[in-house]
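Asks: Chain by chain, the residues:
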Amino acid sequence: GPLADRPLLEVRLGELHTWIGTCSFSAQGLLGAVQRAWGSYCAKYIHVKQGGPAGISMLLAGYCLLSYGWNYQHFSKASCFRNS
Amino acid sequence: VLHTTRPLHTTQQSLAPVPPLPEKGGEVRHGLIPEEFFQFLYPKTGVTGPYMLGTGLLLYFLSKEIYVVNHETAAAACILSVLVYAIKKFGPEVAAFADKLNEEKMASALAMKNDTIQALQTAIEEEKKEQWRAEGRSYLFDAKRNNIAMLLEANYRERLLTVYNEVKKRLDYQVALQNLKRQKEQDHMIQWVEKSVVQSITPQQQKESIAKCILDLKALSKSAQATV
Numbered sequence: 001g002p003l004a005d006r007p008l009l010e011v012r013l014g015e016l017h018t019w020i021g022t023c024s025f026s027a028q029g030l031l032g033a034v035q036r037a038w039g040s041y042c043a044k045y046i047h048v049k050q051g052g053p054a055g056i057s058m059l060l061a062g063y064c065l066l067s068y069g070w071n072y073q074h075f076s077k078a079s080c081f082r083n084s
Numbered sequence: 001v002l003h004t005t006r007p008l009h010t011t012q013q014s015l016a017p018v019p020p021l022p023e024k025g026g027e028v029r030h031g032l033i034p035e036e037f038f039q040f041l042y043p044k045t046g047v048t049g050p051y052m053l054g055t056g057l058l059l060y061f062l063s064k065e066i067y068v069v070n071h072e073t074a075a076a077a078c079i080l081s082v083l084v085y086a087i088k089k090f091g092p093e094v095a096a097f098a099d100k101l102n103e104e105k106m107a108s109a110l111a112m113k114n115d116t117i118q119a120l121q122t123a124i125e126e127e128k129k130e131q132w133r134a135e136g137r138s139y140l141f142d143a144k145r146n147n148i149a150m151l152l153e154a155n156y157r158e159r160l161l162t163v164y165n166e167v168k169k170r171l172d173y174q175v176a177l178q179n180l181k182r183q184k185e186q187d188h189m190i191q192w193v194e195k196s197v198v199q200s201i202t203p204q205q206q207k208e209s210i211a212k213c214i215l216d217l218k219a220l221s222k223s224a225q226a227t228v
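Chains C and Y, in that order, are what the protein sequence lines are. Sequential numbering from 1 applies to the first sequence in the UniProt record's numbering. Sequential numbering from 1 applies to the second sequence in the UniProt record's numbering.
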């Protein structure tokens, strides 16, 4: 299909910047993108008859990474304290 | 706010029946990384590519202190090992329990659906039977008509009988009246005749008749003595 309508996974690496150019960065566009992403994640990993630990574990891992990233300053400061 | 000018039900799409859920979710390896990542790297690096990438990234983060090893690392390691052990040990049982709950819900819903279908089918059959029964109403009306005709006939005959009886009574009365009249006339005539006869017998005739009777009696007694 046309470049603008394809989901992100089907876009090739070479066309990535053009694809980013076509998507709308307004508040509504971003909100719609977030909603669609969440909906597709739920439909793929959570709303199934026999889901495993994968659905929540990926969310928790993402949360761990995010919180590590947000608190990186604190970690590096603490390790400087201890190592010195 | 309902837009009354908006036309409703214009498309064929309907929300029921809801399509069933897919059986299994997306494949995830080691519980964390989706299978698509491994497939994405397979053409260029083969099977071990993602693992080499993971190891390299991990060593890079550790060596460059992008990932700092502190007390939380030990805590995370303990928690993760306990979690993995628990999931590996109790996973299937929990899954079976959840499946059983689902099965019960489905069974009850199916039972309700089947019951309603059954009830509706029996209702349909009852309705058909009622329609068949209604077809026989012509016989019913014929029977009723016959009944009414018989009632009318019986009533007519009763009244005919009453009329006959009444007429007969009146005629009998007239006949009795005539008989009575004739009898009375007869009696009266007989009495009058007797009275006139008795009156006509003079004393002279009476004496003569008595003397004749005595002579007759003597003659008779003589003849009777003779025979004895």
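Keep in mind the hints are simulated off the structure, nothing from the lab. Heads up, the beta-carbon is just placed ideally off N, CA and C, and yes, glycines get one too. Be aware that one or more of the hints could be misleading.
[Said to hold, decoys possible] Computed list of lysine to any residue pairs in SDA-like fashion (alpha-carbon distance at most 25 Å, straight line):
| hint | chain 1 | residue 1 | chain 2 | residue 2 |
| --- | --- | --- | --- | --- |
| 1 | Y | K88 | C | K77 |
| 2 | C | K49 | Y | S108 |
| 3 | C | K44 | Y | Y60 |
| 4 | Y | K100 | Y | P22 |
| 5 | C | K77 | Y | P22 |
| 6 | C | K49 | Y | G91 |
| 7 | Y | K88 | C | P7 |
| 8 | Y | K24 | C | K77 |
| 9 | C | K44 | C | P7 |
| 10 | Y | K88 | C | Y63 |
| 11 | Y | K88 | Y | L32 |
| 12 | Y | K100 | C | A61 |
| 13 | C | K77 | Y | V198 |
| 14 | C | K49 | Y | F97 |
[Stated by the list, open to error] Restraint-style ranges between C-beta atoms, simulated for each label pair:
| hint | chain 1 | residue 1 | chain 2 | residue 2 | range |
| --- | --- | --- | --- | --- | --- |
| 15 | C | H47 | Y | E135 | 26 to 36 Å |
| 16 | C | C23 | Y | K105 | 19 to 29 Å |
| 17 | Y | K113 | C | L60 | 49 to 59 Å |
| 18 | Y | V18 | C | L60 | 28 to 38 Å |
| 19 | C | G62 | Y | F90 | 36 to 46 Å |
| 20 | C | E15 | Y | T5 | 23 to 33 Å |
| 21 | C | L60 | Y | A119 | 19 to 29 Å |
| 22 | Y | L80 | C | E15 | 21 to 31 Å |
| 23 | Y | Q121 | C | Y63 | 16 to 26 Å |
| 24 | Y | F90 | C | L59 | 33 to 43 Å |
| 25 | C | S67 | Y | L62 | 36 to 46 Å |
[What the hints assert, rightly or not] Short derived list, chain C residues pointing at chain Y, Cβ under 10 Å:
| hint | residue |
| --- | --- |
| 26 | L30 |
| 27 | L31 |
| 28 | R36 |
| 29 | G39 |
| 30 | H47 |
Asks: Using Cβ atoms only, decide whether C:L30 comes closer than 10 Å to chain Y, and label the hint accordingly.
Replies: For C:L30, the interface hint is violated, since the closest Cβ of chain Y sits about 24 Å away, which is over 10 Å.
Asks: Given a hinted range of 36 to 46 Å, is it respected by the beta-carbon distance of C:S67 and Y:L62?
Replies: This hint is violated: roughly 19 Å between Cβ atoms.
Asks: Quickly compare the C-alpha distance for Y:K88 and C:K77 to 25 Å and report which way the hint goes.
Replies: Violated, at roughly 37 Å.
Asks: Hint says 36 to 46 Å; check whether the CB-CB distance for C:G62 and Y:F90 agrees.
Replies: violated (24 Å)
Asks: Starting from the hint 23 to 33 Å, judge whether the C-beta atoms of C:E15 and Y:T5 obey it.
Replies: Given about 43 Å between the Cβ atoms, the range is violated.
Asks: Would you say the C-beta atoms of C:C23 and Y:K105 sit inside 19 to 29 Å of each other?
Replies: violated (41 Å)
Asks: For the restraint on C:G39, tell me whether the closest CB of chain Y is nearer than 10 Å.
Replies: violated (14 Å)
Asks: With a cut-off of 25 Å on the C-alpha distance, tell me whether Y:K100 and Y:P22 pass.
Replies: holds (18 Å)
Asks: Y:K88 and C:P7 were given as a pair; does the straight-line alpha-carbon distance stay at or below 25 Å?
Replies: violated (35 Å)
Asks: Using the Cβ atoms, figure out if Y:L80 sits within 21 to 31 Å of C:E15.
Replies: violated (39 Å)
Asks: Is the Cα-Cα distance between C:K44 and C:P7 25 Å or less?
Replies: Holds, at about 15 Å.
Asks: What's the verdict on C:K77 and Y:V198, does the C-alpha distance respect the 25 Å limit or exceed it?
Replies: violated (182 Å)
Violated hints for the displayed structure, listed by number in ascending order: 1, 3, 5, 7, 8, 12, 13, 15, 16, 17, 19, 20, 21, 22, 23, 24, 25, 26, 27, 28 and 29.
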